[in-house]
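Trainee: Residues per chain are reported as follows:
4 protein chains.
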Amino acid sequence: MEVVQQGTQIRFDNHVHFHKIQAWIQDSRPYANLGKCANYIPALERANPSQLGICIIGSDGTMVKTGDFDTAFTLQSISKVIGFIAACIDYGISYVLERVDVEPTGDAFNSIIRLEVHKPGRPFNPMINAGAITVASLLGRRNSVEKVESICLLIDRMVGRHPIINEEVFQSEWQTAHRNRALAYYLKEMGFLDCSVEEAIEVYLKQCSIEVTTEDVAMIGLVLANDGYHPIRKEQIFSKEVARLTKALMVTCGMYNASGKFAASVGIPAKSGVSGGILAVIPPRARSDDSPFMDGCGIGVYGPAIDEFGNSVAGVMLLQQISREWDFNIF
Amino acid sequence: MEVVQQGTQIRFDNHVHFHKIQAWIQDSRPYANLGKCANYIPALERANPSQLGICIIGSDGTMVKTGDFDTAFTLQSISKVIGFIAACIDYGISYVLERVDVEPTGDAFNSIIRLEVHKPGRPFNPMINAGAITVASLLGRRNSVEKVESICLLIDRMVGRHPIINEEVFQSEWQTAHRNRALAYYLKEMGFLDCSVEEAIEVYLKQCSIEVTTEDVAMIGLVLANDGYHPIRKEQIFSKEVARLTKALMVTCGMYNASGKFAASVGIPAKSGVSGGILAVIPPRARSDDSPFMDGCGIGVYGPAIDEFGNSVAGVMLLQQISREWDFNIF
Amino acid sequence: MEVVQQGTQIRFDNHVHFHKIQAWIQDSRPYANLGKCANYIPALERANPSQLGICIIGSDGTMVKTGDFDTAFTLQSISKVIGFIAACIDYGISYVLERVDVEPTGDAFNSIIRLEVHKPGRPFNPMINAGAITVASLLGRRNSVEKVESICLLIDRMVGRHPIINEEVFQSEWQTAHRNRALAYYLKEMGFLDCSVEEAIEVYLKQCSIEVTTEDVAMIGLVLANDGYHPIRKEQIFSKEVARLTKALMVTCGMYNASGKFAASVGIPAKSGVSGGILAVIPPRARSDDSPFMDGCGIGVYGPAIDEFGNSVAGVMLLQQISREWDFNIF
Amino acid sequence: MEVVQQGTQIRFDNHVHFHKIQAWIQDSRPYANLGKCANYIPALERANPSQLGICIIGSDGTMVKTGDFDTAFTLQSISKVIGFIAACIDYGISYVLERVDVEPTGDAFNSIIRLEVHKPGRPFNPMINAGAITVASLLGRRNSVEKVESICLLIDRMVGRHPIINEEVFQSEWQTAHRNRALAYYLKEMGFLDCSVEEAIEVYLKQCSIEVTTEDVAMIGLVLANDGYHPIRKEQIFSKEVARLTKALMVTCGMYNASGKFAASVGIPAKSGVSGGILAVIPPRARSDDSPFMDGCGIGVYGPAIDEFGNSVAGVMLLQQISREWDFNIF
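Protein chains in written order, with the working numbering: chain Z, 1 to 331; chain X, 332 to 662; chain B, 663 to 993; chain U, 994 to 1324.
None of these hints come from the bench; they were simulated from the model. Glycine included, each C-beta is placed from N, C-alpha and C at the ideal position. Errors might be hidden in some of the hints.
[Stated by the list, open to error] Taking CB as the label site, the calculated pair distances span: (1) S381(X) to N701(B): 42 to 48 angstroms; (2) D952(B) to R1039(U): 52 to 58 angstroms; (3) R823(B) to E198(Z): 54 to 60 angstroms; (4) E760(B) to H449(X): 40 to 46 angstroms; (5) H780(B) to N33(Z): 40 to 46 angstroms; (6) S381(X) to E1160(U): 45 to 51 angstroms; (7) D344(X) to R157(Z): 50 to 56 angstroms; (8) E1160(U) to H780(B): 34 to 40 angstroms; (9) P1023(U) to E198(Z): 35 to 41 angstroms; (10) E860(B) to K1029(U): 29 to 35 angstroms; (11) S953(B) to K1227(U): 20 to 26 angstroms.
[Claimed, not checked] Taking lysine-lysine pairs in the DSS-like style, the calculated list, with each CA pair at most 27 angstroms apart, reads: (12) K1029(U) to K1227(U); (13) K261(Z) to K351(X); (14) K261(Z) to K565(X); (15) K261(Z) to K20(Z); (16) K351(X) to K571(X); (17) K367(X) to K20(Z).
[As the list claims (entries may be wrong)] Chain B regions said to be covered by chain Z (calculated; three or more residues, Cβ under 8 angstroms): (18) 768 to 776; (19) 839 to 845; (20) 848 to 860.
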């Protein structure tokens, strides 16, 4: 079974790896009971907490998909990775890093304390809300439409279709974004926003509301695994420097306040969202000889029951098992 | 020129790589002017700030040493890595992680705030003083002598000789350790210390005062690069799990409050000390085809002029250049 | 020279006390050089930093005015006192204290940290911005016009005329209120605001922009000195309980982060604003036998050069001298 | 019934006021059920939580004692007031205030955070542990014995007998003082301690272990009420300036993190200890005409069941009732 995509071939793997992944999904699914769906907006609360799906796409086009792989979900914080890359493409790494640092914090994703204590100082990193809103304010040139479009276009180049924004999710986020507005007004006062607060919030919430499936996420991961090069479309989408920096950020700050624990126990660059999605990236590796995807792969996971940190409980368990069994740990 | 060590061979490289490294040392040395030697105790203040030396040992025994590679210096915070491994060997990972978390903080290495705000809670990670003192209290069984010995023995197994403790440095540290005693009494009150405050402080300060050269540090890095296996002594010194966990910690928390920046710009597991030493680890890698040390290597760097974060200024510049030129970045 | 006001008499004192105050103003005026006018909006920056004026009104109607007593200025943070009293009149003390605590903090007036660290928790007191915005959201019943009017009406009852809002100041505040909006959105998320963020901010900034003179402020102080009773209009405007509570708040939190120092060195209930105004209250006292205003008095001070804490430098010096010479210290 | 003390007369009041106080004690005693005795050391835990006693001594020598007025208890944090006065007597107010500020904090009494965030900076006030330990390090001249003696002598001058130190309490405190040692080492590092950490801790814990009764505490309060003058011994023990400053501190910082609430609801200078004691001071007042103690009085209260803030629950209720009924509120 084959799918022609952009002149290159995705080949579905229905055999050994597929069955292993299927088994591991069965192992991990019960952990969903330890979490629950985000409930601050109706669309997230309605998700089925027992769902768990995965898509893996290797650098050679091999694709493994199983479980609830085709449920649509919104990017939420995974969009922080895309926004950061888009800003680096548009303005260069050094311009972006003048506005946002790349240090992990140990604070909650929506914390405002550090901005006050370390004042004057840039937001600590683009994977927390303060940093992501700052990055959103940089994007594009003129207005919020163009800013959001710069993210959608980047996704299009990686995924092969223009993503849509889930309008219901966006409207709900917009109406409950008090804490994000607090952060944004704080950033505005400190001079970090390149546009109005309302515009930055609109861009940030729209990028969070972009709808994807695990396959879209895996494809984004694949490009990162290949240092910005799209092995299926055969196109360099962003530079190796941007890719490496982004993966470093995912390791140190990608899994909210469990980033250190995830690095210690799973050991792969990843970014999670409160919708239950996880973007994971496996760079090519030298050590293992009998495991698949030696040339690297991208992984998309979806499991909407999240833990206290905001990460998919079953999704993390699944990635931990895959990493251990196939030696995906980069350290 | 060859050195027989434990029946295996270290071969000095005096050619291409050696000359490249020599040139890069010349490039990096001027950056030392941007830092200065730690001055809280006389022994550190007396160091020559313009020194810069490096030793690299590959998994195949190839060794490159140049610059001020043979200056003796004290481990300082690099000892946190050894202490953590020693505790994991003695008690198992899960026992240790019940007493110390593995999350980066963004706070100063000697900060006490987070212990109060997140109370009750373990120290955030073993690479900050609060975590390292907690780990020191676990070591060995009965008393401070035995605890220090458990670290020295581990170093002996990796380096091939029993290290000595610089008594002058220890005495100076002991007399000025007010802040560390404050941390330790706080930890004692919270029930995290397995021994008396004075004993934990003695162990911690003695491990900081262990004297090494860049070659010793490179050898420690080599064992970590090989997941706990010593490729020269041909011995598994600690488990792959401990090695991977330690390297993950070095990436997220190893370079003080510049850990995120170091991961973003250099991209290798590393741990620095205020003496100007840096322990760096290059795991085997798949991607590069014309650079050396494809099977991994350990690196020891010494450059006593440190920056505001506590990291060797010239040492970081040197590692950045090596990482870029030889594609050592793990992401 | 006499002024008939609401059937009662204000008598100007042009003699002994007047000349003493005149001399003390001369002593205090040079201290203005140690401060400078608030400069975050043009209207405040334009003030003449060397001005210093005072009006004292005793419970028997004796009035002493000298220096730049008739310069108009905006209430700024002094309005927090009026807003708090208005809310207590409308809703009762216990209703208000469920929404705002009465503890001093030691933090900056516009700090957001404590809201996050002590979450869930009410704003610490109504004399910091977070508390004052919360109080502003309670006022009146239906809309921002009515809320502002409830403050203006209370001032009218104490001062004898309906105050006007300085529109230029309000517009400037409105456009630069990023930090206050950050606070208000934070409070909104925590459920402490009884109206929309924009409405609460509008009310708060309008109350800050109310224009007064030292005589108006002294009259407000006089009512507080008499436990809510207006000795000239002969009317109980608010209860003794509200007056006592308000004066306690002024002592513990009224002078920004120098409240403790002001209590220690001056010892009278007072509230300052960044416009350089100070409202001070002298309750009746038993101890002194040869000083004036034994039955209490209200004091209005104006001196626009403020210190790092936000208090009028010369104004504080003047009050310190008066308190010492006439034994106004309540402790 | 009369007691001759230092040539002056204490007269017991057995009539109207006595019976009122007796009734109010009955009203307040049940509130003890809402608290519990401090349990960090055995001696405090053994206290009878239902006890409640009071002693009031007026400036004219009138004494009212009822309830469990003669139970001995240790000063604990009440000693912070005595230590502060002793340091001001020995070194002058300005010397002391260079080492400790007089600002309330809103933080826990044993908090260490503010020392780090506001570094470099003095401890915020002498009523929190950090400030009290700093003050203890100043006392006397040469050693810990002399430092403790300077406090005991001051108590002797006010109370008429040399107080004893409860050795059991001191030993228990000494062994569990981890948090205080953490604070002291922090202060040492910052250069605020005038002696060794162990010496400062010994002095501080010994002053906390001084044993008193409500009558002793009332006598101390009486001297403060009279601005440093002892109306019975007819002696000026410390200056009016020191007395006023101390009373201001008691109002802004004396009742732990409920100081603001106590000022708002009771309105008198007071200092509590975790043993359940409260020192309260009523300055002479002008307003009331039919209540007793118009010339001021000192009050000692004992009720060992304390609330979450560390204040005697029943004791605070009793003082609130007395203040309301007899209009003791100073505001």
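Trainee: So, for every hint listed, does it hold in this structure?
Mentor: Status of each hint after checking the structure:
{"no.": "1", "hint": "S381(X) to N701(B): 42 to 48 angstroms", "result": "46 angstroms, holds"}
{"no.": "2", "hint": "D952(B) to R1039(U): 52 to 58 angstroms", "result": "54 angstroms, holds"}
{"no.": "3", "hint": "R823(B) to E198(Z): 54 to 60 angstroms", "result": "39 angstroms, violated"}
{"no.": "4", "hint": "E760(B) to H449(X): 40 to 46 angstroms", "result": "28 angstroms, violated"}
{"no.": "5", "hint": "H780(B) to N33(Z): 40 to 46 angstroms", "result": "33 angstroms, violated"}
{"no.": "6", "hint": "S381(X) to E1160(U): 45 to 51 angstroms", "result": "59 angstroms, violated"}
{"no.": "7", "hint": "D344(X) to R157(Z): 50 to 56 angstroms", "result": "43 angstroms, violated"}
{"no.": "8", "hint": "E1160(U) to H780(B): 34 to 40 angstroms", "result": "39 angstroms, holds"}
{"no.": "9", "hint": "P1023(U) to E198(Z): 35 to 41 angstroms", "result": "55 angstroms, violated"}
{"no.": "10", "hint": "E860(B) to K1029(U): 29 to 35 angstroms", "result": "47 angstroms, violated"}
{"no.": "11", "hint": "S953(B) to K1227(U): 20 to 26 angstroms", "result": "25 angstroms, holds"}
{"no.": "12", "hint": "K1029(U) to K1227(U)", "result": "40 angstroms, violated"}
{"no.": "13", "hint": "K261(Z) to K351(X)", "result": "38 angstroms, violated"}
{"no.": "14", "hint": "K261(Z) to K565(X)", "result": "31 angstroms, violated"}
{"no.": "15", "hint": "K261(Z) to K20(Z)", "result": "25 angstroms, holds"}
{"no.": "16", "hint": "K351(X) to K571(X)", "result": "32 angstroms, violated"}
{"no.": "17", "hint": "K367(X) to K20(Z)", "result": "55 angstroms, violated"}
{"no.": "18", "hint": "768 to 776", "result": "holds (count 3)"}
{"no.": "19", "hint": "839 to 845", "result": "holds (count 5)"}
{"no.": "20", "hint": "848 to 860", "result": "holds (count 4)"}
The structure fails to meet hints 3, 4, 5, 6, 7, 9, 10, 12, 13, 14, 16, 17 from the earlier list, while all remaining hints are met.
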